[in-house]
Structure formats: structure tokens, C-alpha cells
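Residue numbers (our numbering), protein chains in the order written: chain A, 1 to 414; chain B, 1 to 414.
Rather than coming from a laboratory, the hints here were simulated on the basis of the structure.
Think of the CB as a built atom: it goes at the ideal place given N, C-alpha and C, for glycine as much as any other residue.
Heads up, a few of these hints could be off.
Stated by the list, open to error - The list that follows gives simulated cross-link-like pairs (lysine-lysine, BS3-like), each with its CA atoms no further than 27 Å apart:
1) Lys233(A) with Lys343(A)
2) Lys157(B) with Lys122(B)
3) Lys414(A) with Lys343(A)
4) Lys157(B) with Lys314(A)
5) Lys384(B) with Lys343(A)
6) Lys233(B) with Lys203(B)
7) Lys314(B) with Lys343(B)
8) Lys122(B) with Lys142(B)
9) Lys314(B) with Lys384(B)
10) Lys142(A) with Lys122(A)
11) Lys314(A) with Lys233(A)
12) Lys377(A) with Lys314(B)
13) Lys142(B) with Lys104(B)
14) Lys157(B) with Lys343(A)
15) Lys314(A) with Lys314(B)
16) Lys100(B) with Lys142(B)
17) Lys314(A) with Lys377(B)
Claimed, not checked - Here are a few chain A residues that sit away from chain B, every Cβ distance over 12 Å (derived from the structure):
18) Glu113
19) Gly187
20) Trp204
There are 2 protein chains.
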Amino acid sequence: MDAEIVTIGTEIALGQITNTNAQFLADQLSRVGIEIPWQTTTDDEPSRIVAATRHALGRSDLVFVCGGLGPTADDTTMAAVANALGTSLTVNDDHWQQIKQSLKPRFAEVPAENVRQAMYLKGGQWLPNPVGLALGAWYEGKQGVVVVLPGPPREFKAMVTQELMPRLQQHFGTGKAIFSRTLHFFGRPESPLMDDLATITPKWPQVVVTSYVQPLEIQVRLTIHNVDQATAKQQLDGLQEAIARLEPEAFFGAGDDISLAGVVVDLLEQRHLHITAAESLTAGMFQSTLCSIPGASTVFDGGFVTYAAEQKEKMVGVPSSVVTQHGVVSAETAQAMAEGCQKQVDSDIGVGLTGVAGPEALEDQPAGTVWLGLAIKGWPTQTKLLHLQAHNGRQSVREQAAQSALMMVYQALK
Amino acid sequence: MDAEIVTIGTEIALGQITNTNAQFLADQLSRVGIEIPWQTTTDDEPSRIVAATRHALGRSDLVFVCGGLGPTADDTTMAAVANALGTSLTVNDDHWQQIKQSLKPRFAEVPAENVRQAMYLKGGQWLPNPVGLALGAWYEGKQGVVVVLPGPPREFKAMVTQELMPRLQQHFGTGKAIFSRTLHFFGRPESPLMDDLATITPKWPQVVVTSYVQPLEIQVRLTIHNVDQATAKQQLDGLQEAIARLEPEAFFGAGDDISLAGVVVDLLEQRHLHITAAESLTAGMFQSTLCSIPGASTVFDGGFVTYAAEQKEKMVGVPSSVVTQHGVVSAETAQAMAEGCQKQVDSDIGVGLTGVAGPEALEDQPAGTVWLGLAIKGWPTQTKLLHLQAHNGRQSVREQAAQSALMMVYQALK
Chain A
1 MDAEIVTIGT
11 EIALGQITNT
21 NAQFLADQLS
31 RVGIEIPWQT
41 TTDDEPSRIV
51 AATRHALGRS
61 DLVFVCGGLG
71 PTADDTTMAA
81 VANALGTSLT
91 VNDDHWQQIK
101 QSLKPRFAEV
111 PAENVRQAMY
121 LKGGQWLPNP
131 VGLALGAWYE
141 GKQGVVVVLP
151 GPPREFKAMV
161 TQELMPRLQQ
171 HFGTGKAIFS
181 RTLHFFGRPE
191 SPLMDDLATI
201 TPKWPQVVVT
211 SYVQPLEIQV
221 RLTIHNVDQA
231 TAKQQLDGLQ
241 EAIARLEPEA
251 FFGAGDDISL
261 AGVVVDLLEQ
271 RHLHITAAES
281 LTAGMFQSTL
291 CSIPGASTVF
301 DGGFVTYAAE
311 QKEKMVGVPS
321 SVVTQHGVVS
331 AETAQAMAEG
341 CQKQVDSDIG
351 VGLTGVAGPE
361 ALEDQPAGTV
371 WLGLAIKGWP
381 TQTKLLHLQA
391 HNGRQSVREQ
401 AAQSALMMVY
411 QALK
Chain B
1 MDAEIVTIGT
11 EIALGQITNT
21 NAQFLADQLS
31 RVGIEIPWQT
41 TTDDEPSRIV
51 AATRHALGRS
61 DLVFVCGGLG
71 PTADDTTMAA
81 VANALGTSLT
91 VNDDHWQQIK
101 QSLKPRFAEV
111 PAENVRQAMY
121 LKGGQWLPNP
131 VGLALGAWYE
141 GKQGVVVVLP
151 GPPREFKAMV
161 TQELMPRLQQ
171 HFGTGKAIFS
181 RTLHFFGRPE
191 SPLMDDLATI
201 TPKWPQVVVT
211 SYVQPLEIQV
221 RLTIHNVDQA
231 TAKQQLDGLQ
241 EAIARLEPEA
251 FFGAGDDISL
261 AGVVVDLLEQ
271 RHLHITAAES
281 LTAGMFQSTL
291 CSIPGASTVF
301 DGGFVTYAAE
311 QKEKMVGVPS
321 SVVTQHGVVS
331 AETAQAMAEG
341 CQKQVDSDIG
351 VGLTGVAGPE
361 ALEDQPAGTV
371 WLGLAIKGWP
381 TQTKLLHLQA
391 HNGRQSVREQ
401 AAQSALMMVY
411 QALK
């Protein structure tokens, strides 16, 4: 079955904002085996919304029209879709009462035009909006199914996951036997990683393996069709284990919603360990990334941004002789930073990050050169040299450095 | 003149990556007055590339086909576009020699299929790729102009800005008399800000004012058409000054490529001032954001992440009595953090950030409650209470808090 996503919005057509809704929906649909060969975007002009909807219905069985459901005159999507389908609009009276109720505190009299947000396609069904006012719509016509969804990403995501996906699975039976699992990797480029995996995946011929390059990780999705749940679990578990054994340096977890920082915080919490850091080129990014995870306070008390050489000495006791002798970007400095912060905070683990963010070189070392130090109480301190790609700029070097340090901690804890 | 952007790529169609190229190009085009009512996305299937190109040519005068110019068999865009136009491909021999030269270190023999990247549309012109191997193409046919561009965002942006835009301005005279300027604001929601601006903008009737909501700022673009450069400058300067006077609390600069962190680092550098911070809920994000700016080392030596209460005392000397008496999230704690880090690092300016990132409340204060402290040598310490929107999650609260602290520093320096 072919689907098409039609996005409505002058702000997107003009390039003022990125179309993240289309990506989100396409990803959700491809996870349940619906193909989306076409996406179209147009502005708020009603005649173009009608044309886009008709054109989509001519080549696709399932059309999603997204955005343009606000209460004002330039929000014309629902009416234009009705026009394209040869139907009209109808009001959900209960919902209109609710809208008036919820807007009461803000208006002396709720504007009559807000009734637009209680309208849907006559002959079809309305879709509840879990977090906003505008209803969505579901319409089954002779040319195919048309679904109308709201534009604000928070409302869009909530309606897609809570209302649309269950309905699609019910209607098309798309959920009948598709199971998928996402594996996460960091520290290896995509093509050697996929070449390696190709040496074992043929042993699981039912499982489809696809890779996704993300800014700070490679995701590999395993998908299996037309089997029962027990078989799916057995197959996916088996392949996941084999991959984890094959890629111990790069694999860090499985799941739809995991991050390396989350995995590290969980591991630290399980082991009752505390971590700290002294950061130079990342200047707080490593610690800030850890603390993006709710509950980070159970494993992290605080740390240091030791940007200038004298602060490395003053804050965490890196001897100035180490810096003079070996340079700021050196194994010795990274080691002294890691050990120094660990002692200073009296933590179980101390991480030191020093390197060249760029754009200029430093101490004759090119941008992208980074030393990491990892001090764990009772163990010899490790150091690691990275040569990170610098052509995407300073911020990218710093992000890769922080992620590499998380990976080093993960490897040590595992 | 109507333009259409056709994006080619299975990864985009499947929702694996966001289509940032279309946004970038649409924004560039709308800045020079080219309208883009349509965008289409399809996968790598050649018949769909042909269909999308033909359909676009039927309704638009200027068609951009983006992506699918790699060296492998699934990169078929250039051939499909040739097919849609009824032409064929031709090789730029010099460029093919260069490709072989540059790939030599990686291959015993450069694969013959790489010649695809030296091909362009017969009867048209090739476009140089400033940072990659694949050529672009420019073709003027009877139905309109078709431009073919590479997919990787770094190559795409370089070819658009360095090759395409100058050529468009030359060909269509689009650069004839359009001048624009972007103003940046933080700390006020879009609609009251725009309501305010509407009280003065009618005095500059030639200037078109549009607003763009970004995650951590509101951008307002001023555009003026069909005037000479001197008039444009005079008008834009006049309106910018009036806006800066009207919105002293929210306006922080003008320019296409500026950020609040960059403005703050520049101001500190001009005044020869150094800054430091003690961060709780942001856990290093404020310092990391400052250091995203090249040259931050001239104004920043280092600072502290004082996440746990006892580290606030140990690292920057916040008396435990202050925390017990007033709470971690209080004016008094923010003040003591700001003053403490400023003294500890012997810096001119110290910033303290403490608050509730969420999702849970803390000390009976809801997520989004944040106190900032700002200690400047020789001045009384300021504190500021923020009630940030928490419904977009913990990370958004932390980002807003770091940006608010930058704004507080900017206001004080200005």
C-alpha cells in the first residue's frame, strides 16, 4: 500500500521552519510496513491544498494532510480537503462546547471562528486531539483513505501515536506481524560496521537489517514480518546477541528511545557509582549531556570546566610541569585532569577531556585531536587519543568528544 | 516566478533523516523574492524522479532537483532528470580526471562508475561543487530552468550559496533591488512582540516585516524591494534603531549569522572582561554554549558545575545555611553561587544558575522555576526569577535557562 504525506504551511514553504512532522510520520509508517514514496509540501493557499490532495489521491491509497487547522482565516486545510473529496464540513457539537469552555478564561466572548477547530469531514470520523483544540479527521472515500492532522509538532505527534497508529493497524491490519528493534552504535563509520554485520545477518534470513546515520550514532533497525510474537522475540534476541558479540567496541544498547547518556546514567545508578569530569574543549558539554537524563543527580554531584591551563592546575591540581612538558593536548594532561577531578569531588569516576575544537590548530595539533582520560577508583587510569572529523566545525568536534567520553565510560562499566 | 524544490532520497522518504536542504534552499530563494509554492520529495526510484521532475515543470518555471548524485547504482538523479527533459548526459572530462586524481589514494583502480559524478545535462551547463566530487547541473529548456544539486548538506549549502545564488541573480535579475536584515530577540513571546512592532512599522511603509519563531529566539526579518542600496540602508537602519529603542529588553542584535552567545563573547572581548559560572540545573550548558564561539578563551578561563548542594558549598563557598534557610532554588543561593564562582576564579563576572529542570517539582517549586544570579565586580549582585515553560521537557527548560542567563549578561554589558 502506498501512502503520501501532504504538508500544508506557508512557514515551511518559505523555509522558515524545518518539516519535522513529515519525517516523524514517515518513520512511524515505515516501522509498520507502509511505504511512503511521495511527500508534498505547499503553502496555505486553498486552491493548492485542493490540488495537492487530489493529485495525492490519484497516485496513493492513503493520504495524510498535515497542518492548517488553526482557528484563523488562513487555516483552510479542513475545508480544502472537503472540497477535494467532494464532501463538506460538519461540526462536533460536544467538542465545540469544550472549546468554548476551555477558551472562556481568555475571552469575554469566544470568537465564532474558533468553531473551525470542531469541524471534520462529513461522511468521515473525527480524531481526538490529545493535547490541543483542533480535531483531526479520518475519511474513507472511493479513491482511498484521507487523514487530516494538526500542524503544531506536539499536537501532531500526540495524535499520530495515540490516535492514528492504532486506527491504521486496525483498519489495514498493518500491525499484524511486524516487529522491529533498534540497535545503537557509536565510534565506527557506517560502512565498515554494515560490512561486518553482513557476515552474520544471513543466518537470520527473516530479519531485515537497515542502518540510519544519526549525528552522534549509527542506528541499525532489525525488522521481522509475518511471524508470531514469540518467534519474533527469539529471532531478534538471537541476532541482537550475535551483533553485540561481534561489535563489543561500538554497540551500546537496544530500544526505541535510548541514548548513550541514558545508558551510562543507568549503569552508574545500578552500580551505585558517582562520576565527575574536568572539561577543556567541551567546556561543560559532557556534564550537561549526562544531566539531560532525569535522575542524573543520583550519580553526579558536580564537576569542573578547566578551560585555561592555569585553571587546570587551580581547580583540579594538574601540575603546571605536566602542561609545560607534554602540552595541554596530551595523554598526561588528560590523565591528570581525570585523576584530579575524581579526587577533588571524591567521586568513583573522573573523566578528563582536552583537545583542539578548532577551527585553528593548537600546539601544532590539528582541529579534531582530542585526549580523553578515565580515572576509576582502584584501577589504573586509562587515556585515549581521538582524531575526530573537523570539517563539520567546532561544535561537531566538541559533540563527538563528549560522546566518545561517554562511550569510554560505558566500555569500562560494561 | 514560481519555483519548486524536488528532493530525492529514500532515507528522507522513509523518515530516517529530516529534509534540511529544502528548508535551506527555500529560505535562500525567498530572501531574493522567488516564491516556492511547491516542494516534492520522493525516493531513489528512477521512474518517480522522472515523474516528479515532469510534474514540477508543468506548474513551475524553475525546478530544483536535489540529491542522488553519488557514485553508486542507486544514485540515478542526473540520468532521470535528463530523461524527463528529453536530453542525455555528457561528461566533463577535466572533472573526471580530477575525480580519478583525488580518489587515487583510496583505490588500486578508481571504479569506472565514479564517472557519474562528472556527468551533467547535455545542452546545459555544469555547476562546480566547492567541497565535494559530484557536479551539479543548470539546464534552460522550453518549459523552464532545471537545476540539479547534490544531497549531502555540506555540499548542498556550498553549491547553493557559492554557485547557484549568484547565477540566479544574474539570470533572473532577482538580486536587483531586494535588501533584507534579520533582527534577533529573546525573552518575549512572538505575538506581543509583533503587536508592539506593529505600532511603529507603518512609519516605514516600504519595509516588509516577517517573524520566525526559533527554538531559542524570535527572528524578525526586514525586507525592502525596488530601491537603491543607499535608500535601503537608510530605511533599514532607521527601522532597526526604532525597534531597538522600543524593545530594549528583548532585542540583542542584527545580522544573518549571529547568536546571543556570539554577541556576549564579542562584548566581553571588547571590554576586556572575563566571565565564569556556577551551574546547577544547566550543569555546564551555559559555559559550553559560550565556548561554542571560536575565541571564547579570551573571555573565559573556566567554571563550575555545582549540581549537588554540598558541591555548591565546597566548590564556590555557598554557605550551607543559605541553602537550608532559603532552599536550593532561591535568590539567595543564585546570588551566593554567582559571587562565589566570581571570587574563586577571580573573574570580572560570575553567573549562577539554579532551578528545577523537571520533570518532577523540587522543594515544592514546579519544573521551569529558575533563579539566575549575576555578580559583576564593583556592582551590586543582581538576581532574577524565571518561570519557564516546562511542557517541552527538561532539556528545553535547561536551554531556556542558559539562554536567559546569556541575555542577563548582555543586558548588563549593554
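Comparing the hints with the structure gives:
Restraint check for lysine 233(A) and lysine 343(A): not satisfied, since their Cα atoms lie roughly 45 Å apart, outside the 27 Å limit. For the hint pairing lysine 157(B) with lysine 122(B), the CA-to-CA distance comes to about 24 Å; that is within 27 Å, so the pair holds. With a CA separation close to 23 Å, the supplied pair lysine 414(A) and lysine 343(A) stays within the 27 Å bound. Using a Cα cut-off of 27 Å, the hinted pair lysine 157(B) and lysine 314(A) is violated, with the two alpha carbons roughly 44 Å apart.
For a cut-off of 27 Å, the pair hint linking lysine 384(B) to lysine 343(A) is broken: about 34 Å separates their Cα positions. Distance check on the hinted pair: lysine 233(B) and lysine 203(B) sit about 16 Å apart at the alpha-carbon level, within 27 Å; holds. A hinted pair counts as satisfied when its Cα atoms are at most 27 Å apart, and lysine 314(B) with lysine 343(B) qualifies at roughly 13 Å. As the CA atoms of lysine 122(B) and lysine 142(B) are separated by approximately 14 Å, the hinted pair is consistent with the 27 Å bound.
For the proposed pair lysine 314(B) and lysine 384(B), the alpha carbon gap of about 24 Å is at most 27 Å, so the pair holds. Taking the CA atoms of lysine 142(A) and lysine 122(A), the gap is about 14 Å. The hint holds against a cut of 27 Å. Taking the CA atoms of lysine 314(A) and lysine 233(A), the gap is about 54 Å. The hint is violated against a cut of 27 Å. The hinted pair formed by lysine 377(A) and lysine 314(B) meets the criterion: a straight-line CA distance of about 21 Å does not exceed 27 Å.
In summary, the hint linking lysine 142(B) to lysine 104(B) is not supported, as the alpha carbons are separated by about 41 Å, beyond the 27 Å threshold. A hinted pair counts as satisfied when its Cα atoms are at most 27 Å apart, and lysine 157(B) with lysine 343(A) does not qualify at roughly 47 Å. Between lysine 314(A) and lysine 314(B) the alpha-carbon distance is near 14 Å, which keeps this suggested pair within the 27 Å criterion. Annotation: proposed proximity of lysine 100(B) to lysine 142(B) is violated, straight-line Cα distance about 35 Å (limit 27 Å).
A hinted pair counts as satisfied when its Cα atoms are at most 27 Å apart, and lysine 314(A) with lysine 377(B) qualifies at roughly 21 Å. Under the 12 Å C-beta cut-off, the non-interface status given to glutamate 113(A) relative to chain B holds; the minimum distance is some 17 Å. A cut-off of 12 Å between C-beta atoms confirms that glycine 187(A) is not in contact with chain B; the least separation is 20 Å. Interface exclusion of tryptophan 204(A) from chain B stands, the closest Cβ pair being 21 Å apart, more than 12 Å.
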